[in-house]
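Taken in order, these protein sequences are the chains called A and B.
In this text, residue positions in the first sequence follow my numbering: the first is 1, and each later residue adds one.
In this text, residue positions in the second sequence follow my numbering: the first is 344, and each later residue adds one.
Just so you know, the hints here were simulated from the structure itself, not pulled from any lab data.
Beta carbons are placed, not taken as given, at the ideal position from N, Cα and C, and that holds for glycine.
Heads up, some of the hints might be wrong.
[As the list claims (entries may be wrong)] Straight line, CA to CA, 25 Å or less: simulated SDA-like cross-link-like pairs of lysine to any residue:
#1 A:Lys-108 - A:Arg-79
#2 B:Lys-491 - B:Arg-648
#3 A:Lys-20 - A:Glu-126
#4 B:Lys-431 - A:Arg-343
#5 B:Lys-431 - A:Gln-129
#6 B:Lys-431 - A:Tyr-132
#7 B:Lys-424 - A:Ala-68
#8 B:Lys-424 - A:Lys-108
#9 B:Lys-646 - B:Glu-689
#10 B:Lys-424 - A:Gly-65
#11 B:Lys-424 - A:Arg-90
#12 B:Lys-431 - B:Asp-451
#13 B:Lys-424 - A:Arg-79
#14 B:Lys-431 - A:Gly-332
#15 B:Lys-491 - B:Thr-502
#16 B:Lys-424 - A:Gly-72
#17 B:Lys-431 - B:Glu-471
#18 B:Lys-431 - A:Gln-340
#19 B:Lys-431 - B:Lys-491
#20 B:Lys-424 - A:Leu-166
#21 B:Lys-424 - B:Arg-648
#22 B:Lys-646 - B:Ala-593
#23 B:Lys-431 - A:Lys-108
#24 A:Lys-108 - A:Glu-122
#25 B:Lys-424 - A:Glu-67
#26 B:Lys-424 - A:Gly-176
#27 B:Lys-431 - A:Glu-126
#28 B:Lys-424 - A:Ala-105
#29 A:Lys-20 - A:Gln-340
#30 A:Lys-108 - B:Glu-471
#31 A:Lys-108 - A:Gly-72
#32 B:Lys-431 - A:Leu-166
#33 B:Lys-424 - A:Glu-323
#34 B:Lys-424 - A:Val-175
#35 B:Lys-491 - B:Val-632
#36 B:Lys-424 - A:Glu-122
[Stated by the list, open to error] To be clear about the criterion: a stretch of chain A counts as covered by chain B if any three or more of its residues have a C-beta under 8 Å from a C-beta of chain B, and this derived list gives those stretches:
#37 77-86
#38 116-129
The residues making up each chain are set out below.
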Amino acid sequence: MSGLAGPTAGVGPGASATDKTARALTQDALVWDNTLPWGPTYADADTWLRFHRAGVDLISLTVMGPEALLDGTVRQIARVRAAIQAQPDRFALCGTADDVLAAKAAGKLGLVFNLQETDMLEGRLEMVQAYYDLGVRHMLLAYNARNHVGDGCAERSDGGLSRWGLEVVAEMNRVGMLVDGTHTGYRTTMDAMEACTAPFIFSHCNAYAVHPHYRNIRDDQITACARSGGVVGLNGLGEFLGDDAAGSASIFRHLDHMVQLVGAEHVGLGLDYVRDTGRFWNWVRDNAHMWPAGPDDRAGSAFAQPEQVEELAGLMLRAGYAEQAVRGILGGNWLRVARQVWR
Amino acid sequence: MMDSYPATEAYDRVRQRADARAVALFESSLVWDMTLPWGAPWANYDTVIPRFAGAGIGAITLTVQNLPGADLRTAVTYVAKVRADVAKRADRMRICTSATDIRRARADGVLALVLQHQDGTPLGSMPEMVEVYHALGVRCMLPVYNGKNMLGDGCAERTDEGLTRLGQQVVREMLRVGIIVDATHVGVRSSLDMAELCAAAGKPLLITHSNMHAVYPHYRNVTDEQVRAAVATGGVVGINGLGEFLPDTAASTAAMFRHLDHLVTLAGPEHAGFGLDFLDDAPRFWASVRAEAFRWPPLPFGKERVDTAFAGPEQALELCDMMVRHGWPDDAVCGVLGENFLRVAERSWGG
């Protein structure tokens, strides 16, 4: 993959000391990828093992995204739970920060769920608790377009959080589910962050100041998120990075912008890896209401690969980041908010 | 009795007539009603629950389903709603998912609730959904209600063809994740198929709310063969308080006792309990029965259907009184009141 051709690809005989440190650190640290699309057309078992080999210890699976309702969501959750439980020696469904650490200690890949939409509540507040009990640990408010909760980031308008949306945020806070502002309109996220009583996250967003795509978030969103104690996860999708090859150096530019803006303890990973990119881009083209034109011509960009996590660690070390900062960005920061918010 | 639910007048009236030893035994025992319909038309936290708890019932299995044949979405949202309803009353009641939870609820003086599904249609033909309902707190499930569905034949069906392949898969999954397998409302062959799967897994088969076919041959009652098959797995049968199955228009305790006595003579007191199946709004139930003749075909002996009563929770103490007056030993009575269900629940649920 083109994305693999980064400055530290391959730790061969000629590898530098930094490369070796980056590899050791990636294997030793808790590595947490807070977004892996895992709807019915995305799930394939090899991907989990590939992530685990690349040093990833915890993946948050998007068990459902837009264009789905309750029935399809619960069914997909049933399938994914069964797939995890079928291999208890390799995979562990996690519900708490301690579960995540236990899974890593046992050499297993830990998994949690997220939802990229709120449509699947179907207007029922009590479904927040039900999804939580089925393993959903974060949910984003609106996916690009408008829904009952508010506007998405690609919508014509940006009117903010609805009355029902305020209730959803309050219920998520009560239940202990992280409120996620990814894909959501600017005003809607600012309203939600004001209403939210817990650390607020953007599970997979890049910096608008680095590349002005509507899927990226503004500096004041990042600042408000950090002020809540939350974390922004770096996205590896080329179009949002402003680099169709999705190179690690491009991810690092966004990462470094956020670190300079709010500090290393508010940055993490949410790579958003998609294996079948052709299918994804076709879906994007078929859904112009959700995916209007961005700042550049749409080229069907690459997605960052899980092996790039190690490259990113190397880039951070080369840039002089302290080891503790790197460990936080690789996963420690997500663990911190999970410990604070999940019950 | 629980502090938050004072004894009702109806209970006090029974109490005054009852043998003092029976009252003492009843009030110091775990009393578990294994079936209380709790679909939207029946669920009432302000009338039904205080009446049950105020009659000394400490544990109730709630059927959290509106109707047999409900779709997945309806069933999941209803479970979510009941959980939210109960969470709002956490000082008085809680949903229990283990035997330890039930003992703890009793020690804390709060009502123990267990969630049950009657009919497997809400699985949406996905065996994986069994584990999802388990994660949502459901701990007891019967695969098919009177008629026929994708899992098997029910007790009122024209045919009696047993479980389907999917039905076998679903029962195995229930046994794997720890949900009580319930043979109420299912056909004879389905129940025997279920008993076989339970025996293979070393887990009990329960019949949560059915009377004795040998006492009255209603299709909703279970034959001695079915009882023996359940008992062979270590299971328990719960006596039902619905007048039509007894048969007794008034649903008297004496009529229930006849079924209980037959069950205990056949299987021993450690395999008996009760699942009253009480409905507050009896006219609504009888209207639904008449509207769904395919699920509720005619009665035995060409008997005409009348709107019978349902046994009320106060009759649990009457039943206890009757057992004591018949000279049943204390431990046998305690078993029937709830300890037998606790024993099998522990085996089914694990932990």
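Here is how each hint holds up against the structure:
{"no.": "1", "hint": "A:Lys-108 - A:Arg-79", "verdict": "holds, 20 Å"}
{"no.": "2", "hint": "B:Lys-491 - B:Arg-648", "verdict": "holds, 22 Å"}
{"no.": "3", "hint": "A:Lys-20 - A:Glu-126", "verdict": "violated, 49 Å"}
{"no.": "4", "hint": "B:Lys-431 - A:Arg-343", "verdict": "holds, 18 Å"}
{"no.": "5", "hint": "B:Lys-431 - A:Gln-129", "verdict": "holds, 13 Å"}
{"no.": "6", "hint": "B:Lys-431 - A:Tyr-132", "verdict": "holds, 17 Å"}
{"no.": "7", "hint": "B:Lys-424 - A:Ala-68", "verdict": "holds, 21 Å"}
{"no.": "8", "hint": "B:Lys-424 - A:Lys-108", "verdict": "violated, 35 Å"}
{"no.": "9", "hint": "B:Lys-646 - B:Glu-689", "verdict": "violated, 41 Å"}
{"no.": "10", "hint": "B:Lys-424 - A:Gly-65", "verdict": "holds, 23 Å"}
{"no.": "11", "hint": "B:Lys-424 - A:Arg-90", "verdict": "violated, 35 Å"}
{"no.": "12", "hint": "B:Lys-431 - B:Asp-451", "verdict": "holds, 17 Å"}
{"no.": "13", "hint": "B:Lys-424 - A:Arg-79", "verdict": "holds, 23 Å"}
{"no.": "14", "hint": "B:Lys-431 - A:Gly-332", "verdict": "violated, 35 Å"}
{"no.": "15", "hint": "B:Lys-491 - B:Thr-502", "verdict": "holds, 9 Å"}
{"no.": "16", "hint": "B:Lys-424 - A:Gly-72", "verdict": "holds, 19 Å"}
{"no.": "17", "hint": "B:Lys-431 - B:Glu-471", "verdict": "violated, 30 Å"}
{"no.": "18", "hint": "B:Lys-431 - A:Gln-340", "verdict": "holds, 24 Å"}
{"no.": "19", "hint": "B:Lys-431 - B:Lys-491", "verdict": "violated, 37 Å"}
{"no.": "20", "hint": "B:Lys-424 - A:Leu-166", "verdict": "holds, 20 Å"}
{"no.": "21", "hint": "B:Lys-424 - B:Arg-648", "verdict": "violated, 34 Å"}
{"no.": "22", "hint": "B:Lys-646 - B:Ala-593", "verdict": "holds, 16 Å"}
{"no.": "23", "hint": "B:Lys-431 - A:Lys-108", "verdict": "violated, 37 Å"}
{"no.": "24", "hint": "A:Lys-108 - A:Glu-122", "verdict": "violated, 34 Å"}
{"no.": "25", "hint": "B:Lys-424 - A:Glu-67", "verdict": "holds, 24 Å"}
{"no.": "26", "hint": "B:Lys-424 - A:Gly-176", "verdict": "holds, 18 Å"}
{"no.": "27", "hint": "B:Lys-431 - A:Glu-126", "verdict": "holds, 11 Å"}
{"no.": "28", "hint": "B:Lys-424 - A:Ala-105", "verdict": "violated, 37 Å"}
{"no.": "29", "hint": "A:Lys-20 - A:Gln-340", "verdict": "violated, 33 Å"}
{"no.": "30", "hint": "A:Lys-108 - B:Glu-471", "verdict": "holds, 22 Å"}
{"no.": "31", "hint": "A:Lys-108 - A:Gly-72", "verdict": "violated, 28 Å"}
{"no.": "32", "hint": "B:Lys-431 - A:Leu-166", "verdict": "holds, 20 Å"}
{"no.": "33", "hint": "B:Lys-424 - A:Glu-323", "verdict": "violated, 47 Å"}
{"no.": "34", "hint": "B:Lys-424 - A:Val-175", "verdict": "holds, 14 Å"}
{"no.": "35", "hint": "B:Lys-491 - B:Val-632", "verdict": "holds, 16 Å"}
{"no.": "36", "hint": "B:Lys-424 - A:Glu-122", "verdict": "holds, 13 Å"}
{"no.": "37", "hint": "77-86", "verdict": "holds (count 6)"}
{"no.": "38", "hint": "116-129", "verdict": "holds (count 6)"}
Violated hints for the displayed structure, listed by number in ascending order: 3, 8, 9, 11, 14, 17, 19, 21, 23, 24, 28, 29, 31, 33.
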